[in-house]
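*Asks:* Sequence:
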Amino acid sequence: MLSTSATDELQQKLIRQSPIGIFDSGVGGLSVLRHIRQQLPDEALCYFADAGFAPYGDKPESVITERTLLIAQFLIGRGVKALVVACNTATAAAIKLLRAQFPELILIGVEPGVKPAARLSHTGCVGVLATSSTLASSKYQALCAQVQRTTQIRFIHQACPGLADLIERGELNTPATMQLLETYLRPMLQAGADTIVLGCTHYPFVEETIRRIAASHLLQQVELVDTGLAVARQLQRLLTEQHKLSQPGHQSPPLQFYTSGTPEKLTLALQQLLNIAPTDYSAQKMFAI
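Quick note on numbering: numbering that gives the first Met the number 0 labels position 82 of the sequence shown as 81, and the sequence is numbered without any gaps.
One thing to keep in mind: the hints can contain errors.
[What the hints assert, rightly or not] In silico PhoX-like pairs for lysine-lysine, Cα to Cα no more than 25 Å straight-line:
1. 264 to 284
2. 243 to 114
3. 284 to 95
4. 243 to 264
5. 58 to 264
6. 243 to 58
7. 95 to 114
8. 284 to 12
9. 12 to 58
[What the hints assert, rightly or not] Pairwise CB distance ranges (calculated):
10. 217 to 160: 38 to 48 Å
11. 276 to 51: 37 to 47 Å
12. 104 to 185: 39 to 49 Å
13. 210 to 244: 28 to 38 Å
14. 96 to 174: 32 to 42 Å
15. 251 to 11: 32 to 42 Å
16. 140 to 96: 13 to 23 Å
17. 216 to 61: 33 to 43 Å
Keep in mind that the hints were calculated from the coordinates and are not lab data.
Just so you know, even glycine gets a beta-carbon here, dropped at the ideal spot from N, CA and C.
Can you make the complete structure from the sequences, with help from the hints?
*Replies:* In structure tokens:
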């Protein structure tokens with residue numbers, strides 16, 4: 000029979016080996032997952048793509064909150080030791096409720112990086128690309144108001160309907176994507192924005208396209224703000240503080256992917272966006288969520 004100290008040690012080891020849960024409305028959260036993999040290479044990851052209900056950006060807040068809670072419960076049922084809401088829209092709608100429901104869980108959301116953007120801007124003009132739901136949320140509006148109280152930054156907000164859909168379909172550099180981005184970027188670039196916030200986790204996957212369009216409008220380079228690395232560092236800090244970091248092993252940690260859409264679509268996204276071979280992970284369709 001194990002002693003109390005041995006039992007506690009075994010339990011702590013099991014916790015450290017538990018996966019980190021990550022979810023998004025679709026493939027956008029993979030832009031956060033790639034930063035987590037780079038920052039925490041010894042961690043097992045469990046990702047849920049709610050592709051069957053994507054995009055979230057044009058849905059009522061009540062629907063987004065319901066989906067967020069269901070997926071959080073699913074991932075917690077898979078034994079995750081931390082949960083990353085890798086979706087700006089879901090974070091704005093439901094992070095407060097998630098914290099109330101699961102107070103003991105390490106829980107991290109994402110929000111548009113308006114604070115670092117304000118520090119980077121030289122012109123005092125920052126463009127924000129995001130979904131309609133994110134821009135309309137009280138959480139986002141309070142964040143912008145806080146930044147504007149302490150800086151002279153002018154924000155140009157641009158909702159981007161249709162952009163996440165194109166990225167979901169793998170259209171990262173097609174004429175349709177170029178045309179849509181040109182429409183969304185032109186007003187902020189003409190207004191003098193030298194820093195652009197990528198306020199949806201899908202948008203880092205069209206970063207190069209954004210840079211090309213910006214270069215055609217400006218002589219100087221435009222700074223793009225993606226908060227994925229900051230999320231990964233915050234996750235590392237919290238896991239370290241709570242002694243839940245996984246220990247290096249001889250084998251690569253498992254990668255599990257779930258989707259409410261089709262596994263084939265998710266598999267293609269993993270290959271196209273992250274260069275992950277099908278042999279390196281498992282992907283399953285979930286019918287019950």
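*Asks:* Does each hint fit the structure? Answer for all of them.
*Replies:* Against the structure, the hints:
no., hint, in the structure
1, 264 to 284, "11 Å, holds"
2, 243 to 114, "29 Å, violated"
3, 284 to 95, "28 Å, violated"
4, 243 to 264, "33 Å, violated"
5, 58 to 264, "22 Å, holds"
6, 243 to 58, "35 Å, violated"
7, 95 to 114, "20 Å, holds"
8, 284 to 12, "30 Å, violated"
9, 12 to 58, "41 Å, violated"
10, 217 to 160: 38 to 48 Å, "25 Å, violated"
11, 276 to 51: 37 to 47 Å, "25 Å, violated"
12, 104 to 185: 39 to 49 Å, "42 Å, holds"
13, 210 to 244: 28 to 38 Å, "35 Å, holds"
14, 96 to 174: 32 to 42 Å, "41 Å, holds"
15, 251 to 11: 32 to 42 Å, "22 Å, violated"
16, 140 to 96: 13 to 23 Å, "18 Å, holds"
17, 216 to 61: 33 to 43 Å, "39 Å, holds"
Violated hints, listed in ascending order, are 2, 3, 4, 6, 8, 9, 10, 11, 15; each of the other numbered hints is respected by the structure.
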